[in-house]
Each structure stands twice: as structure tokens, then as C-alpha cells.
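Participant: Below are the chains, spelled out letter by letter.
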Amino acid sequence: MSSTERLHPLLEVFTVWDVPTFHLVIEGVLIALLVYVFSLKRYRPKQRNVKLTKQEEEELLREWKPEPLVEPVKEHLPDEGPVVEGVAGVTLTIGGEEKINMGTYNFLGLVGDKRAEKGLEASRSKVVFFKHNDMKDLKAKLEEQAVIDRKDRNKAMATRRFIVVEGIYANTGQICPLDELVKLKYQYKVRLVVEESMSFGVLGASGKGVTEHFNVKMEDVDMVCVSLGMSLGSIGGFCCGRSFVVDHQRLSGQGYCFSASLPPLLANAAISNLNVLDSGEGKDLLRSLRANIAHVQKRVQQIEEFEWSGAPGSAVVHVHISPAAAKRNSISTHNQEDHVLEDMCNKALAEGVAFVRANYIVTEEKFPRRPSIRLAVSAKHTQEHLDQALDVLARIAKTTLSN
Amino acid sequence: MKATRGPVVPQARSNRSSESNDATAPTKAQQQMTQEEFEPTPFWVAFATYFSYVMLFLFGLLRDALRANNIEEVKSAKELDKLKDFTSLYHGFESFFTRNMYRRVRDCFNRPICSVPGATLTLVERRTDDYGWTFTATGEKKECINLGSYNYLGFAENHGPCADATIEAIKTFGVTGSSSRADLGTTTLHRRLETSVARFVGKEDAVVFGMGFATNSTNMPVLVDKGCLLLSDELNHASLVLGARLTGATIKVFRHNDMEHLEGLLRSSIIEGQPRTGRAWKKILIVVEGVYSMEGSLVNLPDVIRLKKKYGAYVYLDEAHSIGALGPTGRGVVEHFGCDVNDVDIMMGTFTKSFGAAGGYIAADKAIIDSLRAHSHSQRYATAMAPPVAQQILSALAIISGEDGTTRGQERIRALARNSAYFRQAAQKMGFIVYGNDASPIVPVLIYHPAKNAALSRMMKDRGVAIVVVGYPATPIVESRARFCISAAHTREQLDHCLQALDECAGLLGLKYSLVHPPRSFADVKAIAHEASALV
Numbered sequence: 001m002s003s004t005e006r007l008h009p010l011l012e013v014f015t016v017w018d019v020p021t022f023h024l025v026i027e028g029v030l031i032a033l034l035v036y037v038f039s040l041k042r043y044r045p046k047q048r049n050v051k052l053t054k055q056e057e058e059e060l061l062r063e064w065k066p067e068p069l070v071e072p073v074k075e076h077l078p079d080e081g082p083v084v085e086g087v088a089g090v091t092l093t094i095g096g097e098e099k100i101n102m103g104t105y106n107f108l109g110l111v112g113d114k115r116a117e118k119g120l121e122a123s124r125s126k127v128v129f130f131k132h133n134d135m136k137d138l139k140a141k142l143e144e145q146a147v148i149d150r151k152d153r154n155k156a157m158a159t160r161r162f163i164v165v166e167g168i169y170a171n172t173g174q175i176c177p178l179d180e181l182v183k184l185k186y187q188y189k190v191r192l193v194v195e196e197s198m199s200f201g202v203l204g205a206s207g208k209g210v211t212e213h214f215n216v217k218m219e220d221v222d223m224v225c226v227s228l229g230m231s232l233g234s235i236g237g238f239c240c241g242r243s244f245v246v247d248h249q250r251l252s253g254q255g256y257c258f259s260a261s262l263p264p265l266l267a268n269a270a271i272s273n274l275n276v277l278d279s280g281e282g283k284d285l286l287r288s289l290r291a292n293i294a295h296v297q298k299r300v301q302q303i304e305e306f307e308w309s310g311a312p313g314s315a316v317v318h319v320h321i322s323p324a325a326a327k328r329n330s331i332s333t334h335n336q337e338d339h340v341l342e343d344m345c346n347k348a349l350a351e352g353v354a355f356v357r358a359n360y361i362v363t364e365e366k367f368p369r370r371p372s373i374r375l376a377v378s379a380k381h382t383q384e385h386l387d388q389a390l391d392v393l394a395r396i397a398k399t400t401l402s403n
Numbered sequence: 001m002k003a004t005r006g007p008v009v010p011q012a013r014s015n016r017s018s019e020s021n022d023a024t025a026p027t028k029a030q031q032q033m034t035q036e037e038f039e040p041t042p043f044w045v046a047f048a049t050y051f052s053y054v055m056l057f058l059f060g061l062l063r064d065a066l067r068a069n070n071i072e073e074v075k076s077a078k079e080l081d082k083l084k085d086f087t088s089l090y091h092g093f094e095s096f097f098t099r100n101m102y103r104r105v106r107d108c109f110n111r112p113i114c115s116v117p118g119a120t121l122t123l124v125e126r127r128t129d130d131y132g133w134t135f136t137a138t139g140e141k142k143e144c145i146n147l148g149s150y151n152y153l154g155f156a157e158n159h160g161p162c163a164d165a166t167i168e169a170i171k172t173f174g175v176t177g178s179s180s181r182a183d184l185g186t187t188t189l190h191r192r193l194e195t196s197v198a199r200f201v202g203k204e205d206a207v208v209f210g211m212g213f214a215t216n217s218t219n220m221p222v223l224v225d226k227g228c229l230l231l232s233d234e235l236n237h238a239s240l241v242l243g244a245r246l247t248g249a250t251i252k253v254f255r256h257n258d259m260e261h262l263e264g265l266l267r268s269s270i271i272e273g274q275p276r277t278g279r280a281w282k283k284i285l286i287v288v289e290g291v292y293s294m295e296g297s298l299v300n301l302p303d304v305i306r307l308k309k310k311y312g313a314y315v316y317l318d319e320a321h322s323i324g325a326l327g328p329t330g331r332g333v334v335e336h337f338g339c340d341v342n343d344v345d346i347m348m349g350t351f352t353k354s355f356g357a358a359g360g361y362i363a364a365d366k367a368i369i370d371s372l373r374a375h376s377h378s379q380r381y382a383t384a385m386a387p388p389v390a391q392q393i394l395s396a397l398a399i400i401s402g403e404d405g406t407t408r409g410q411e412r413i414r415a416l417a418r419n420s421a422y423f424r425q426a427a428q429k430m431g432f433i434v435y436g437n438d439a440s441p442i443v444p445v446l447i448y449h450p451a452k453n454a455a456l457s458r459m460m461k462d463r464g465v466a467i468v469v470v471g472y473p474a475t476p477i478v479e480s481r482a483r484f485c486i487s488a489a490h491t492r493e494q495l496d497h498c499l500q501a502l503d504e505c506a507g508l509l510g511l512k513y514s515l516v517h518p519p520r521s522f523a524d525v526k527a528i529a530h531e532a533s534a535l536v
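In the order they appear, the protein sequences are chains A and B. Using my numbering, the letters of the first sequence map in sequence onto residues 1 to 403. Using my numbering, the letters of the second sequence map in sequence onto residues 1 to 536.
Extracted from the complex, chain B is given alone in its bound form:
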């Protein structure tokens, strides 16, 4: 358990190098950038959370006993009678969790929407008459401010230059090439997109794929195989985990952003060689993400690069949440830290978030991209990226990089940075426990308690704010949280409305847990900020 008693100091998870006289040692400014707050869970909160899970568990057991004895009706989907003597499809705990815990809060998940997921969105109202087993649409709709979609630069739009160009692309190219890239699926758009992405990221060449998840999971096996070592951050995304498993390489996991642990693993692995045989590793690949989507933290890139150089490893950087969103010109976490893009071997990213599209890319040296083109499953066996999707990315990319001749892209990038800092700092000063880095557009606010998590989601919806709450198994069991995704499209008024709503809900639910920042109302925080700016 992470909880500690006594005076609590925010735990700064910054990892300085052990040898600071190193030539490639990060600068002071870079070190400041890696300062991140992770206030430990207060003891009584952890206790109450465990207690509530125990209660849920006991009630679950009771209800299951009632169901087994036909006292309570079984409402979940059942296996067919003729399949009764097959080995059961699911194992105990998972279905126990679904039946007895998830079902109680099901209304907070899989919510259908019926609009573009921009700064605001329209929710389809649902009703359940059987406590969450089934839902029916009531026919009503509710417009909410959208704090849930990864619409960082606000390109989720149904009008404007991107949408127009995309519609034109459908007219020229149709919806799909119905063929893989290796067969007849490569259109002029794909070619243009790859050149643009390579230029934007600052690499020699790039290859794009129709699905971001598959970009990771099908391309990692091309790069490393048996006899190689993968060093993976413990909080890496499921697609990276799957990709790593498919490679057949040895996988070692280091603690989130813990550079000392990473260095220790690098040292001992090289010294000991491969397990059992002791042979030297063929190659070592460090796999990290730019922004971690559950923690709102940034990779400690300067130190990762220092270690990579020191030990001769390669770096695979997943920029799904940082491309477009970080750095003065939106070129991601490399630009944010002022690192050299040549020091990162594989630059991977997705188009789902900042570009308002879908799919993913890998940018790297030409030799690497050629190899991916020849050996990647996504290149040969999957349908190529949809041409209109490629067009949407091309248009968004032109705006972000300023190639359209305007400053609209720059304005969006600046608006995102401003909005993220505003929301995060306000939440922090109100007394919430907020995880992560100041620069991150993801603001996770810790709720801990599973019931409060669901209650917050419902109460915020009542106040016209759509949010995403996540809990076990996506997070550690005591660290359920609300994950706010800030967008350049949000206005200051909209953010204020959300913060005000959050303040009200916190009052009712008791969410201002921080022992560092005393609880304050949103009005007070605003007044203080106003005074401070007046003094300057």
C-alpha cells in the first residue's frame, strides 16, 4: 500500500542522473519540466476504499448465493443449454466483477453520443428498468460540455476546412480502397500523408496505418525478436504490451518513469546477458510513451536518451497523446524537452487524438521504414487507411504546421497549453489530488472510492458536463479517478462552468482530499488568481 501517515509532502517523481557531470546530462530547465506531482493516497481514504470494495465483494457473494438457489432471478446473459457441458467460457472473478460491481455503475460507461465530440457533445439519454442490466434510449438528448474526448487541438469538427476537404476526398477516392497497402491500397493521398508526417516529425521517412492500436501491436515484432530485450514502462498502453508479447523478446518492466530502476535493469541485463544461456543480447529496445494517459505524466525523455546513449539501447517512443499537444509548435514531447529527434529511433504516434481522425504512424530512418513496409502485417494484410481519413489528417497537419499559411494552428496549440494549465492549477488549488505534469492535457483527479467515482460521473452529467471516470482494472484498485481531457476548443467560460460543477460535486461527495493544498471553493481560487494577476 502506498499510503503513509504523518506529514505528507508531495512526492516529486523527478529522477536525476547519478552522475551529473555527464556530458549528456539533462539541463536544469529540463529537470524542472520532469517535476511531477503524485500526492500519496491519504491513509483513511485508502482504508475507506478497501472497506467499500470488501462490502461490494461480500454483497456480491450474497447475491450470487441467492442466484444460485433461485431466490434471485439471474438477469445476465446465459450460456445455451446445449453448451452446458462445454468448459465454461469465462472464469470466476471476471464475471463476478461484471455481475456484482460493474453492473451497478454501467450507466457511466459506453454512453452513446449523437454529435461531433467537439467542445460540447450531445448524449443520448438512457433509462434502465432493471438496475443496469439493460438500457433503453428515452428519446431525449442532453447537450454537455465534453471533458472526455481526446480532442486536444479541437479538430473533431463537422464543418470548416478539414471537413470540406474530407468530403471532397470521399468524392474522389470513395470511402475505402478495399485492399491492403501492399496490393492496390496505396493512393496518392497515402503517399502525400507519409511525406508530410515525416517532415512534421523531423524524420527521414514515415509509414501510416489505419489503426493506431495495430500500429504498435503489429510493428514491434518487426523490430525485435527472440534474443532481444524489451524494457517497458509499467504503465505502457495495452497495444504496446500486446506488441511486446508478440515479439517473442524477453520483456522486463521498469517502474513508471523511474530512471534509476531503468538504469539498473540496463546494467544488470547487459552484464548478465540472456537468461539461462548468458549470450549477449542482440539489441535492447526501451519502450516509453510521451504522455501517459492515465497518470497525466510525461516521460522523462532527457534521461531516457542519456541512458540510451550510455548503454547503446534503442528508444521506441509512443506519442499517441503528445503529438500535436505538446511542444511550442506541437511536435510532441521531443520538442517539449528540447531534445534531438535523431536520438529517438522510433517515433510512433496516432492520429486519433490531436488530428481528429484515426490511425497511426511510425516515423524513423528510411532503412527502418523500408523494413516495416516489407515485414509489417498491417502493411500486407490489413485494409489500407481510408482515403477520407488520410485527407482529414493531411488538412489538420497543414494547419498545425502552419503550411496552410495561417497562424490558426499555432493559436490552437497555445490555447491547449493555456487551458490545460488553467484547469489543472485550479483543480489543484481547490484541494483535489491531481496527478501528473503541468504540461499534460490530461488532468486526472483522484476520486479513490468506487461509489464516489460513479456518483461524480452522474452528478457532473446532471450539471451539463460529460466526463470519463476510470477505475479498477484500468487503475490500481484504490486509485479510481476522473480523467479530464482538455481541448483547445474549450472556452474559458466552459472550463469555469466545469470547475464550478466539480466544486459543487466535491462539496457533496467530499473529494478534496489533498493534505498539501487546503480545500478552497472555486470562487476563492478565482479571486486569489485575480488578485495575483492584479499585483503583477
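Isolated chain A, as found in the complex:
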């Protein structure tokens, strides 16, 4: 056979170099080891050993009945607000009548966070929730993690971590203590992501948001996400951070790579409004917004049936039924409370003011939210608008919660 002749020169190599025998032994062992590794059975989770007959299979297939694709909607509260006919400015038209608008986000009057939570889910990271705006709790949670990290250094080295907060929380109107957060960031080496939809154009001397409010350097926050739908009077959103972060988004951000770009008209609307914010007119708008916020918060405080949440300077103000009033009117569940608030909104609408009950998908909320009416203050509201709106609110509160 020619194969032996071909093998021969290969074997010759050993004689030429005069390889010591132990070399051959070691290589032999290595080869044996390789053979052993490859012959190992792959680990497979235990599978059912039952082999079904064709008939049994068919039976199973026949028997399986799917559930209906959706359950009928049981909720009685409306999924949509009233239909708006025309521009949603400080006033808007519903059913042919003009109403004062206390519902839409139009902080600077330039119009004609939940989002974060879904993002967290999509990131498939381990998510730890800390008590709302409670820095002590956050610190305790970070400390807990630090203890775990000290045990498993390798894992800790490979785990990226982020604190995700809102500048002003849409659902409570609270301002996050950014200065403390930055301290925690450097202490525990956790990056900081701030959602500023409700604080951009509202907080800070020139409306730059919560960083300016606390005099925190922009570079100490790793990413700021802002919706264009609030102060900037457009639709869409932007993320900003150092180019180290943003460059990466252009290649890997799903919204950037796989979604259609923002319609130019919306981009242009945002640019124009950003220019207004940056000008002298912007300063005037901010001044007027702050005055309006202070006025609304003062008036809301005076309505005894209500409790309000929100921080000084927040254009989002939530009013809740006070525990005393709830007790008097035997309102005990969130559902009842929602219905009462919805009813109040409808009555207010009939009297010419559009209020919005804070709308949550109850089944999806990880933490139950306290029902509320959410007031959104605008720089373009006049004193008369606000007084009229709050008069209506106070009157309806009094009649609805009369017990």
C-alpha cells in the first residue's frame, strides 16, 4: 500500500530529531485525554422517557384547547380621555367647548416613568427597587450588594451597575436628591442614569434640569434621558451623556438602529423650542412657570379634602383624597378612590376645566400607586385660569366628599 510509504517520512522526523521517549508518552497521554473528553456524553437535562404512540399524540393534539387571545376587559374606567378637537394649549376644545387645560404636559407653554421600568425589564438585568426617593434605603441596598461583592470579587468586577432615577418623579412630583446620589455613585462605583422628562425645562436657573438645580456637574451623571413631549413641545426623546456613551448608542441602541427616525417636523419643533428656552424669552417663561407652580401648590394646600404630593418647583402636582375625607365617605379601596376621582374629573370638565386622573395599568404596576388627580402647570396659564380651575376643583371636592 502506498499509504505506508507516505507515512514513512513522517515517522522519520522522530529519528532525525531523536525525540526522547517521555515526549512520546506525554503526547500519547494528551491524545488519550482528548479522545476521552470528546467521548464524554453531553450533559442534557433529563427528558421524559415516555414514548407516545402516534395515536396518543394525535389525541393530545386534538384535546388541546387554547385560551382566548384576550380576556374581556372588566375595568369600567375609561381607557381614553375625552376627544380633543384642536390644539392642546392652556385651553383646549372638547365637545365644541373651550376648557381650561390642567391635564397635558405643557410646562413652558411652548405647545401649540414609566418608560424606564419597561427598559429595566428589557435589559434583563437584576433589578433591585429601593424605597421611593429614600436615600437611606438606597444606601442600605448598595451596602448589602457591597457585602455580596466582597465575597465574589470576580463576579463583582464583571457586573456593571446603574442607579436609575427620575429628576422629578412623574408619579409623585418629588425631586430626587441628586447631590446625594452623586456621592453614592462614587462611593459604591455605580453609574447614574437620570430620567429628566419632568424636570428638563422646569428646574434649574436656565431650565437645564435637576443637575443645574443641585449644581451637579453634567459629567457626574452618566446619562440623561429626556422626552421631547413635555417642556419641548414635540414628540420623541433624547439621551445625552459623554460621547463615550452616546457613540455606543448609535451602534447598539435599539431605538436608534431598528426604529424609524424622528419625523423632521417633530425634530424641528423641538429645536425651535429649545432655542426659545435658551433665549431671554425662556427666562421669562421659567419665571412665570415658577410663579404659577407656587400659586397652584398654595391653593391645593387649602383644599381640606385633599392631600397633595409634589415638591416646591415641580410642575407636576398630584392631589389625593385625604385619609380623613376618605374615611368620612367610606372610601377604602384604590378602585373606589379611582372612581370618585374619575367622577370629579368629569364634573370638572362639565364646568370647563380638563383635569386628568393619573392613569396606571393596575395589573402591571409593581407597587400600587395611590390614586390621584394629576395637575400639570404651564407657564402660559394666567392667574385667572389657575384660580378658576382650582375654584372648580375645590367646589367639586366639597360637594363630592361632603360627608
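Rather than coming from a laboratory, the hints here were simulated on the basis of the structure. Think of the CB as a built atom: it goes at the ideal place given N, C-alpha and C, for glycine as much as any other residue. Fair warning: there could be bad hints in the mix.
Now the stretches of chain A that chain B is said to cover, found in silico as 3 or more residues with beta-carbon under 8 angstroms [to be verified]: (1) 54-67; (2) 87-95; (3) 136-148; (4) 159-167; (5) 259-271; (6) 325-337.
Given the coordinates of chain A, assemble chain B onto it according to the supplied hints.
Facilitator: Here is chain B on its own, set in the frame of chain A:
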């Protein structure tokens, strides 16, 4: 590796049912419609492509070593010094790819334009002085024929009835309602749009959202949850993949358009029940797209419907690239195959492509839409669709459906079908490997080689044609391709110009890989076509 040696026959990925006597079996005409060409990668092309990636990789390693030893300057954005001891933000390969491969061809991507993306567009010329790290605008502009935008029916216009109506809508409604649909974001326009869309698609009701991507990713969780099974095509869009992950359901992936694989998964899943517990599935949802935007292929809808009926599953059909673009009256892939719209449970689509707008819709039975309105995150927490955008869709929809009383919509639909077939067949006959279905307005031409991919993009731009090239990671590593998007707005002269340019570039780059269609010049292809039509 898909490559095979020896005589190559185009691989027809048509999947006939195993039981052809089935009452719901697809008709012969439907089977012909699902014939799609996917010529396998020639062996030497695959080899050369792998080789070039290996070279890029080795050079990358070398450059990284030089950078690490401060011999080469690091030009990429750097992490701040005070964040040095934080866990690094990015992991190895991704940034290696960006630094050493993507950066070399960066000029072909993220190209800014400064005009309406119609049949032609105007590119902003850029210059880079540091080999692709940074770009500056030169101040010059270049008008090109646009083969990159999904402007199927040519509604990306800045004049005409749609644009006029949209401007009027801004005057009446402003740019935004600055509120979610559930609060005060619903305008009369939204209501009218939903009725129109439901009527056009042929479903009871519809709901519209401001963002097409979110339409998928935020609504799938409303439909299925834990204990359900999602059967998803392997080439489904990122938004469907994200939506599927957010549902919490078990996800099984079937090979692209492979009906036997789908049936096998359906059978075994129902028989075995849920993993570990063996409980019966609550429901099974098959998720497919009408036209796959990277392959130019169509879903095998008749067979999907047959399987759905046979096993009691539900079908979620994403018509992002097929609504308006397919079917004699533009009603999408359901109409194209002559299927019954009632057999598709969820009809999803976007307004970005055929309607020249933005956003997405879901059309289905009223009960389903009610449930979406009540539970969808996009309905409650996202800003409602911009009123002018809604108006643009309404105007385009009126034209497409002929409700404006003219035949202009019909003409656009016919022009698109004509243009797509012309471009695809010409490219095929010239000897390119072209993927997909004859009816698809997306024509992917395989380039394979990463360097040729970028070179083609640049050379076509020099010849006045703006194209989109895609490569890894959007495609398998050896299957980089140029993806031509045909529009009803293209004239025959414009398409000829593009094909001529493509022919020239192919001559220089060697792109006519097909072993089935011998390489021919565009002039020859045209002459043959001319003769053939003269004979008829």
C-alpha cells in the same frame, strides 16, 4: 457553513404541506407565490470572506497592541479618569469590532441627508481627516437617486395633497397633544385614523401608536404572558424579539419560513406541554412578518394559516414592509396570497414605510383592541401620535384606498410592483445573487465581502446613487449585502441609471457571483428583454 461545492441549483425555499389533501391546503397559485430564490454562497466566496475577516481581526489585534503600548494614538472616546475603577461599560468584542472594523467603513453609515427622501435625495458631503474617527461637513451637497429609503409608494413628499393637509393639521392641532392617549391625547384625528385603518385592513377595530417599534414591543406583552408559547421566525425584527422577551412567555424559534420546522415545533410543544411542569399551554402565538426586510422574502402565509387552524394557534402578522406595498390594492401580504383576513388574529403594521409617516397600528377584533387600549403601555404612558403625522397617514390612506375618488393610489401600487420586478429581474439576469421573492419591493443583492460592501456603497455614491449596505451583525457574518429599496416614485430612467452604475461597479469589484445566471452586462440584459418583448 451553508456553502456547497459542485453543481449548484437555486434552493427553492418553498414548503409544501405534508398532507396535500388537506381542505385548507394552499392552492397551486399560492405555492408558486412562495417560490423564493436563495442561491447558496459559492465556496470560494465564503472562503475569501472568512479570510478577509481573519485579516481584519489580526490587524485589529496588532493595532490594539500598538495602542496599549502607546505606540499608536488612541482616538476613540475614552472613559473619564475618575471612572477608571468602575466596571468597564462595554465588553471586549463589541468595542473591538467598532474600533477595528466598523470604523474603517463608518463613512457608509449614518449619512446625513438634507432633503425629502423621495425618488432622489440630497446627501451632505462629509470629510474625515482621521480615517473615520470624526467627520466634518464640507459644505457641499450631492443629489443622488435614492435606493435606500423605505418609500415604497412614494409618499415621502414635501408638496402635494398629503403635505398640504399635514400643514393644515399643524395649524389646527399643533405639533403635539403633549399627553398620552389615555389622558388628553386623543384627538378627532386619532379616532378617524383608527376607523380608516380598520376599514382598510378589513378588521373590526384598530389602535394606532406613535412609534412603530413600540407597537410591537409594548403590545405583545398584553397578548401573551407566562404559560404561553411564542413561535417566532428566526429572522423576525428586533422589535418583535424585544416584545417577545418582555412577555415572559416561552419562546421557540423556527427556521426562516420553514413550515415543516414550525409544524414539528407545534406538534411537539402541544404534546409535551410546558417545560418542567408538563402543563398544557395557555395559548400559542405564531409571530411572523409579511416581508422580511433583510432577505426580501415573503412569509409563507397560506401554510402558516393552515397550521394555525390545524393546531389551534394564533397568528401575529407584522406587515411593516408589506402594508401598502403588496397585493393588488395594497392591502398587504394577506391580499397578495388571497387569504382571508379573519384567519390572521393580529394585523400589525407601521406607517413609516408605505405611508411616508411614522408610527404603527394593530388591527384586530374589537375585544382584542379593547384589551390593548386598557393594558398597553404605549396607550397609557407614551405621548400620543403627533396630530400632523396622523393627518399625513389619513391623506395617504385615502389615496391608496381610492377614497379620494382618484386612481392615483392604484397607479402607485402598480408602479411599485412594476419597478420591483424590473429591478430584481435585471439584477438577477446580470448574474448577481439576489435573495427573496419576486413580489418584494426590497431587493437584497449579495456582496459577501466586507470590503467590497463598503466599496460598492462609495462607488455607487460617486455615480449618483445612494444605497444602503448591511453587514455583520445585522446579517450572518459571510452574507453582507446591498439592500435596494424600490419605490413607486422611481422612473424607469432612474432605475436604468442605477442598474448601469451597479453593472460598472460589479465589473470593478467582481460581484456577479451567481453560478445559475451567467454574468451579463446591463446592456445585454436590456437587449434580450427588448427582443423577448418584440417577439411577443
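Participant: Mind checking, does the region 259-271 of chain A have 3 or more residues with a CB under 8 angstroms from chain B?
Facilitator: holds (count 7)
Participant: Counting residues of the region 325-337 of chain A that have a beta-carbon nearer than 8 angstroms to any beta-carbon of chain B, does the count reach 3?
Facilitator: violated (count 0)
Participant: Are three or more residues of the region 54-67 of chain A within 8 angstroms, CB to CB, of chain B?
Facilitator: holds (count 7)
Participant: Are there three or more residues in the region 87-95 of chain A whose C-beta lies within less than 8 angstroms of some C-beta in chain B?
Facilitator: It holds, with 4 qualifying residues against the three required.
Participant: Using C-beta distances, would you say chain B covers the region 159-167 of chain A, given that this needs three or more residues below 8 angstroms?
Facilitator: holds (count 3)
Participant: How about the region 136-148 of chain A: do at least three of its residues have a C-beta closer than 8 angstroms to a C-beta of chain B?
Facilitator: violated (count 0)
Hint compliance for this structure: hints 3, 6 are broken, all remaining hints hold.
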